[in-house]
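Here the protein sequences line up with chains A and B, keeping their order. Using my numbering, the first residue of the first sequence is number -17, and each one after it goes up by one. Using my numbering, the first residue of the second sequence is number -17, and each one after it goes up by one.
Hints are supplied without guarantee of correctness; some may be wrong.
Identical copies go unnamed one by one, so any copy, or any two together, can satisfy a pair.
Calculated cross-link-like contacts (lysine-lysine; reagent style DSSO-like; alpha-carbon spacing at most 27 Å) [stated by the list, open to error]:
| # | residue 1 | residue 2 |
| --- | --- | --- |
| 1 | K313 | K342 |
| 2 | K313 | K76 |
| 3 | K196 | K245 |
| 4 | K32 | K345 |
None of these hints come from the bench; they were simulated from the model.
Single-letter residue listing:
Protein chains: 2
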Amino acid sequence: MQALPGFRDFLPSECSERNYVFANWRNVARRYGFVEWDGPVLESTELYRKKSGAEIVDQLFHFVDKGEREVAMRPELTPTLARVVAAHEREFKKPLKWFSIGQFFRYEKQQRGRLREHYQLNCDIIGEASLAADIELIALAIDLLRGFGLRESDFVVRISDRQFWTEFLRDQGVAEDKWQEILGIIDKSERELADHTAQKLGPLAGSVTEVLAKGGENDRLREVMDGLRARGLGGFVNTDVRIVRGLAYYTGIVFEVFDRAGKLRAIAGGGRYDNLVSQLSDGAASLPALGFAMGDVVLAELIGETASAREQMESTITAERAIQVYIVIAKEERRGDALQQVQTLRDHGFGVDYPLVPMKVGKQFQTAEQLGARSALVFGDEWPNVAVKDLRSGEQKLVGHEDLLSDLQESLTKE
Amino acid sequence: MQALPGFRDFLPSECSERNYVFANWRNVARRYGFVEWDGPVLESTELYRKKSGAEIVDQLFHFVDKGEREVAMRPELTPTLARVVAAHEREFKKPLKWFSIGQFFRYEKQQRGRLREHYQLNCDIIGEASLAADIELIALAIDLLRGFGLRESDFVVRISDRQFWTEFLRDQGVAEDKWQEILGIIDKSERELADHTAQKLGPLAGSVTEVLAKGGENDRLREVMDGLRARGLGGFVNTDVRIVRGLAYYTGIVFEVFDRAGKLRAIAGGGRYDNLVSQLSDGAASLPALGFAMGDVVLAELIGETASAREQMESTITAERAIQVYIVIAKEERRGDALQQVQTLRDHGFGVDYPLVPMKVGKQFQTAEQLGARSALVFGDEWPNVAVKDLRSGEQKLVGHEDLLSDLQESLTKE
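Input sequences plus hints: build the corresponding full structure.
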């Protein structure tokens, strides 16, 4: 029996990589003063329908529960955020700077590399309308990736302004109910032949092409770029008005993060959605808001393809998985003494392992090496002394068993 | 709109408590040389039916997916463990010492305090038949709780032996197909009137009562108790043959952990299940195994009711959530300089926050205190110096802006 198609088992090495990603995300988000929260994995299907329309249901793992409720495994976090913020916003000072790390589910068509679950970091700022918040959020997205050892040459944040386009479309006299369709065509223009795009745009083709050729700067985009340059992050960003983000609810600055090589799907994406909290909460709360999501799958691909980032991950994981001390039981008469030492060392926070059953000494040393132990303590003929072997240098010394703890506290916490 | 009944939202303070539990679990399990893994939240319903019979489906969140598969949100981890171990066991040296932290789901009847999701730590040792593994596993369960500041006076591990009972029933000439029923009666005997139990036991009443009165020691139980006493953990355990664990698949030592006051449900429970991997994998792998699960809900109740454990949790969470530096922008002309400093300090790992928009200085200091900042840096008239205020002592000094990083590295990492 296997896992369901599109679902992953996390064996220890894969789980280490997953946890490495989570730990880095958490670490950088906290540095920015973001606090962690989470919602349920299962929500009312209506919550998603309300945000994304009835079609979303085709992509969900959804069902009717034993209490006759229509429920769905969450495909994204934003609807839950709006629900929770609407219910609790009075308890918190604004702006909220919240992040969350969780698993999300979509019933995607089966394709190679297309999963049906993934993990996502969501970072949102709620209750601040100023562009200063947009700058802070984009800086966070950049620093999250820098935290993995990724550099200017590895990724780029492409920043655009949804409001630029809505103003443009209004100027061109395009009816509001056509905007979403035209934004969709602009969104796709990068990946299509110019002629095909022009044909779809019809009478707008000329003016849109002109904007795209000029780059379509405006004051808001300039302010965001200046803010990021002032922080020394200018090399990680450029403006690109072709980015419009498919979703209808964005209202201002939007951005997507891509690998520089352009081989992968977007690593992260988000923007300002000032009306969404109000819409999703039926007006119970009305707060300007902005946020982005970063998934684990594309990020892991980019780390895997970037030597420096891969090395940072591997050395961090190796160091974390290593135990510190392996207890070698060379004489079974010493097992009781050895186990007392195991308990003492663990009580003092050391990672310690030992053979559960009698085993040849050579095999025990082999296990110690495989587990990445720094020290081996040999309980045998030397009792009441214990041979302490440094498994990196190969140096060995005898230590009285009562002094083992202090000896290890000194030698293993020194570096 | 609210969360579904039985599902929790984790606002920042609740999320901190959840993460505190996870971090402690992870920390102690690693000290024991256990490595982390995880499986999917959604599995084939058949996997659970196979282990627990068709009745289990009544308690599941289960449905038919868009690919016509019968699927269920996982109610427990063991079936996934058996599946993964059967597929991969050759890749690993035995014994495996694996732990996992994840969310599990059951459609429980709605009752106050009864949730439909909870988090669980699972710890398993696969591939070791010796009682040394049972001792190691129970020691881990104890040290996990000690890691929360819980003591001998707060909880007790009650240890029993399923094999003791199967031998007893065989001696008494009871047919094997009756064993599960009788073990169920013994399991419940503690919470029922003696007369009622005796009536249900029928002809076995006399001999069972005699065993329960005597305590039913045997060599295996003595060996386990001796092993735990040798590690200094004797005060946390006693033998209690009334513990049989409801589930049919246990084959040897079994145990449950309870609060000493006896007010709460079991905090953890587990035991040896030597035939289960083989049974669940249709014989693809046959490995002795043992494990336990510890849930987050009862554990949190016990921590909440135990002053020392509650204080440890609160002080850890307060320290973790605090940012280190708050940047006070006293003159808006200095905002650019202040933001450069924000970036520099965050780049060096400090947790830093600042006002996104202009704010009165008094309000900024108030925010700094609320965020638990250690230092406030005031960017104002003193430029190119910056006033550094220690928010605990109230001491203040002027530091040249180029020396801020080194000054903070010294003062904030000192303690």
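Going down the list of hints, with the structure as the test:
Taking identical chains as interchangeable, the C-alpha atoms of K313 and K342 lie at most 27 Å apart only when both belong to the same chain, with a minimum of 10 Å there against 71 Å between chains. When the C-alpha separation of K313 and K76 is checked against a cutoff of 27 Å, the pair qualifies only between copies, where the shortest distance is 22 Å, while the shortest distance within a copy is 64 Å. In this assembly of identical chains, the alpha carbons of K196 and K245 lie at most 27 Å apart only when taken from the same copy (25 Å versus 72 Å across copies). Within a single copy, K32 and K345 get their C-alpha atoms no closer than 61 Å, and across copies no closer than 38 Å, so neither meets the 27 Å cut-off.
In the structure shown, a violation is registered for the earlier hint numbered 4 alone.
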